[in-house]
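Line order of the protein sequences matches chains A and B.
If you're matching positions, the first sequence starts at 38 in our numbering and goes up one per residue.
If you're matching positions, the second sequence starts at 4 in our numbering and goes up one per residue.
Calculated from the structure, these hints are not laboratory results.
One or more of the hints may lead you astray.
Unchecked claim - DEER-style ranges, computed between Cβ atoms: (1) F74(B) x S185(A): 30 to 38 Å; (2) E51(B) x A112(A): 20 to 28 Å; (3) S185(A) x R344(B): 53 to 61 Å; (4) L210(A) x I216(B): 39 to 47 Å; (5) A175(B) x T319(A): 47 to 55 Å; (6) G130(B) x P216(A): 31 to 39 Å; (7) T90(A) x I216(B): 33 to 41 Å.
What the hints assert, rightly or not - If you only want the chain B side, here are some residues facing chain A, beta carbon under 10 Å, derived: (8) G5; (9) L6; (10) V10; (11) L14; (12) I31; (13) I32; (14) F150; (15) L164; (16) L167; (17) I190; (18) A212; (19) L285; (20) Q317; (21) I323.
As the list claims (entries may be wrong) - Derived SDA-like pairs: lysine to any residue, alpha-carbon spacing no greater than 25 Å straight-line: (22) K222(A) x L144(A); (23) K272(A) x V72(A); (24) K64(B) x I65(A); (25) K138(B) x P82(A); (26) K272(A) x V75(A); (27) K128(B) x L279(B); (28) K138(B) x V181(A); (29) K272(A) x K128(B); (30) K272(A) x V131(A); (31) K138(B) x G62(A); (32) K256(B) x R267(B); (33) K132(B) x V212(A); (34) K64(B) x L53(B); (35) K64(B) x E51(B); (36) K138(B) x S59(A); (37) K272(A) x S59(A); (38) K138(B) x I110(A); (39) K272(A) x E51(B); (40) K272(A) x T236(B).
Since we're looking at a predicted model, the values are computed, not measured.
Even for Gly, the Cβ is constructed at its ideal location relative to N, Cα and C.
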Amino acid sequence: MSDKKTPGFARSLFAPFFARGSGRGFMIAGLVIIVVVVGMSALAPFLGTQSPTTPGSCVDCPPSREHPLGTDIGARDMLARVVWGGRFLLVVGVLAVLICMAIGVPLGLLSAYRGGMVDRVVTLLLDSIYAFPSLIFSLIIVLVFGTSVFVYALAIAVVYIPSYFRVVRSQTLTVKELPYVDAAKSVGAGRFATIGRYIWPNVIPSVVVVATINFADAILITAGLDFIGVGDLLKPDWGVDLYYGRTAVLSGAWWIIAVSGLMILLTTLGFSLISEGYAERTNPKLR
Amino acid sequence: MGLREYVVTRLLLTIPMVLILLSLVFLIIRVIPGNPCLLKFEHNVTPELLATCEHSLGIDKPLYLQFTSYFVGLFSGNFGLSMVDFTPVSTQITSRFPATLELTLYAFVVAVVVGIVLGSLGAQKRGSKVDGVVKVVGILLYAWPVFFLGLILQLIFGVYLHWLPTGGRLCAGCPVPAGLNIDGLQIRTGLYTIDALLAGNLPEFVDAASHLILPATALGLVISGVFIRMTRTNMLETLRADYVTAARARGLKGRTVVYGYALRNALLPVVTIMGLQFALLLSGAVLTETEFNIDGLGRFLVDRVAFEDYTAIQGAVVFIAFLIAIVALLVDVAYAYLDPRVRL
C-alpha cells in the first residue's frame, strides 16, 4: 500500500485542517459553517419548503405559525426563500474560484519563472485591473453581458485573477532562488517538473488563503449586485431579499432582511474563518 | 534612487496602467448589444431622427475613430453627453462627487480609528482572551456585508429609536449649506459638513453630520476589518524588534514604548494598503449611497445602469479610474518619503 501515497500537494493542502496547533479552531468553525450552508442549499428541493417564488395570500406579514419567518412584499414565504436563496451565490463563488485558479495560478508561476519582458508586461496588465474597485468592475460586466451564473463568475474572476497572480508570482520569485530548486535543476529536472514538483507545493498555502477570501468576496459582490437591483430579481436569492427589504425595513419589517442577511454574513464568515485559520497556521508571524 | 527619480518612475508607470484600464472600459462598454438611440425612442423613430441622435452621441463613426475621440475627449475633460438627458456627463459627475468624497472620508476616519485601537490592543495582549476577541471581531467585520450592516443600523437607530435619519444628506426641504463667503464670492466644497462650518452655521453642520453618522459608520466598520488585522500583525512584529527591547531596557515607560516606538513603526506598512482600501471604500460607497439615498457618484452609477445610459456609466468609471490612479500614486510617494528603503 505504501506506493499509493496521497500526492504531495493534496497532503499539504488538507493536513493543516486536522493537525493540532494554532488556527485550528478558526478552520474547524469555518468548515462547520460552510458545510451547514452548502448542505442546506444543496438539499433545498428535498426539505419540503413552500415555494420560494409563488406568492401566497399574506403580503409583508410578520412571522406566524404558517410562515415561521414571515413573508416578503411579494407575499412569498421567507423560510423558503432563505433555504433556496444561497444556491445562486454559492455556484457563482465556486465557478469564480475555479476560473481564477485555472488562469491566475499558472500565469503567476510561469511569469515569475520566466521573468524578463513577458513578466513585466503581464504584471503591468494585471496590476491595472488589480487596483480598480471590484464591485464596480463586476457591475459593468454584468450590465453588458447579462445576469447568468457564468457572467457573474467571469465578472468576479476578471477582478480577482490579479490577486492570485500577485501572490503566486511573489511566492515563486522567492522559492525559485532556494538551493533545493537549483539542486533539482542540476540533476536534470525540466522546466515543468521544476515548477510542478518543486515550486508549486510551496505556493499552495498562499493560494488557499487567497481562494477562500476570493470565495467570501465573490458572495459579497454577487449579493451586493443583487442588492442594488442589477441582477435577476426573480430568482430566490439572499441579496434580492435585501433589495426588496430595503424599503420595507423603514416601516419596521425586519423579517425580510434579518435571516437572509444573516445567511450572507454566515457564508462569508465561514470562508473568512478558514482563510484566517489557514494563514495563521502557515504563517507564524500572525500568531 | 533619490526621491525625485522614484516619483518620476512611479508616475511613468501610472500612465500605461490608466491607459490599459481606459481601453478596457471602452471595449467592454462598446460591445453593448443594441443601439442606445433605438432604446431611447423605443423603436418608433424616423431615420432622420435616428441619424441626428447617433451623430450627437458620436456613435455613427467607425469604432477606431470613436476610440480616438474618446481618448482626446477624456484628457480635455470632455466625457461626452448623457444618453438619457443629453447634458454633459462631466458636470453631472463633478456635482455628484463631493457627496461620495464626504462619505468616504468620514468612513475612512472610522475605519482607521477602530482599526488602530483594536489592532494595537490585540497585539499588546497577544494570545490572551482580549486578543482572541479582537481577531474574531476583525474577521466578523471583514465578512459583514456593508449593506446588511447599514440596514441593521437604519432599523435600530432610525426606525426603532428615532435618533438618526435613515437617508439623504440634509433634512427634507433644507437649503444646501452656503459655504465660505468672501466679499460676495461663494466658495463651496460640496461637502455639506465643511460648507456648514465655513458658513459658521452650527445647526446646519449638526444636521449634515447626523445624516452621515449611520452610512459612514456602516462603511467604516466594514473597512476597519482589514486595518485591525494589519495593525495587529505589524505590531506583533515591531513589539519583538530589538529597538523596542532596547527602549524597555533603558527604562522607558510601557506606554511610551508601545505607542511611541512599536505602534509608530507598525503603522508604516499600513500606509501601503491605503490605496487598495480606497478602492474598497468606493465599492462600498456604491452600496451605501444606494441604501442611504445619498446623491453621490455611486448612486449616480446605479441610477444610470437602470437607464442603460452608457456614456454616463463610462464617464463615471473613467473618473473612478483616474481617481484610483492618483490615490495609488500619492500613497506610494508618501510611503517612499516615509520609508527610504522603498526607493532602493
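Each hint tested on the structure:
no.: 1; hint: F74(B) x S185(A): 30 to 38 Å; result: holds (32 Å)
no.: 2; hint: E51(B) x A112(A): 20 to 28 Å; result: violated (48 Å)
no.: 3; hint: S185(A) x R344(B): 53 to 61 Å; result: violated (48 Å)
no.: 4; hint: L210(A) x I216(B): 39 to 47 Å; result: holds (45 Å)
no.: 5; hint: A175(B) x T319(A): 47 to 55 Å; result: holds (54 Å)
no.: 6; hint: G130(B) x P216(A): 31 to 39 Å; result: holds (34 Å)
no.: 7; hint: T90(A) x I216(B): 33 to 41 Å; result: holds (38 Å)
no.: 8; hint: G5; result: violated (23 Å)
no.: 9; hint: L6; result: violated (22 Å)
no.: 10; hint: V10; result: violated (18 Å)
no.: 11; hint: L14; result: violated (14 Å)
no.: 12; hint: I31; result: holds (6 Å)
no.: 13; hint: I32; result: holds (7 Å)
no.: 14; hint: F150; result: holds (5 Å)
no.: 15; hint: L164; result: violated (12 Å)
no.: 16; hint: L167; result: violated (13 Å)
no.: 17; hint: I190; result: violated (30 Å)
no.: 18; hint: A212; result: violated (21 Å)
no.: 19; hint: L285; result: holds (4 Å)
no.: 20; hint: Q317; result: holds (9 Å)
no.: 21; hint: I323; result: holds (6 Å)
no.: 22; hint: K222(A) x L144(A); result: holds (21 Å)
no.: 23; hint: K272(A) x V72(A); result: holds (23 Å)
no.: 24; hint: K64(B) x I65(A); result: violated (59 Å)
no.: 25; hint: K138(B) x P82(A); result: violated (37 Å)
no.: 26; hint: K272(A) x V75(A); result: holds (18 Å)
no.: 27; hint: K128(B) x L279(B); result: violated (28 Å)
no.: 28; hint: K138(B) x V181(A); result: violated (40 Å)
no.: 29; hint: K272(A) x K128(B); result: violated (47 Å)
no.: 30; hint: K272(A) x V131(A); result: holds (18 Å)
no.: 31; hint: K138(B) x G62(A); result: holds (12 Å)
no.: 32; hint: K256(B) x R267(B); result: holds (16 Å)
no.: 33; hint: K132(B) x V212(A); result: violated (36 Å)
no.: 34; hint: K64(B) x L53(B); result: holds (14 Å)
no.: 35; hint: K64(B) x E51(B); result: holds (16 Å)
no.: 36; hint: K138(B) x S59(A); result: holds (13 Å)
no.: 37; hint: K272(A) x S59(A); result: violated (41 Å)
no.: 38; hint: K138(B) x I110(A); result: violated (38 Å)
no.: 39; hint: K272(A) x E51(B); result: violated (41 Å)
no.: 40; hint: K272(A) x T236(B); result: violated (41 Å)
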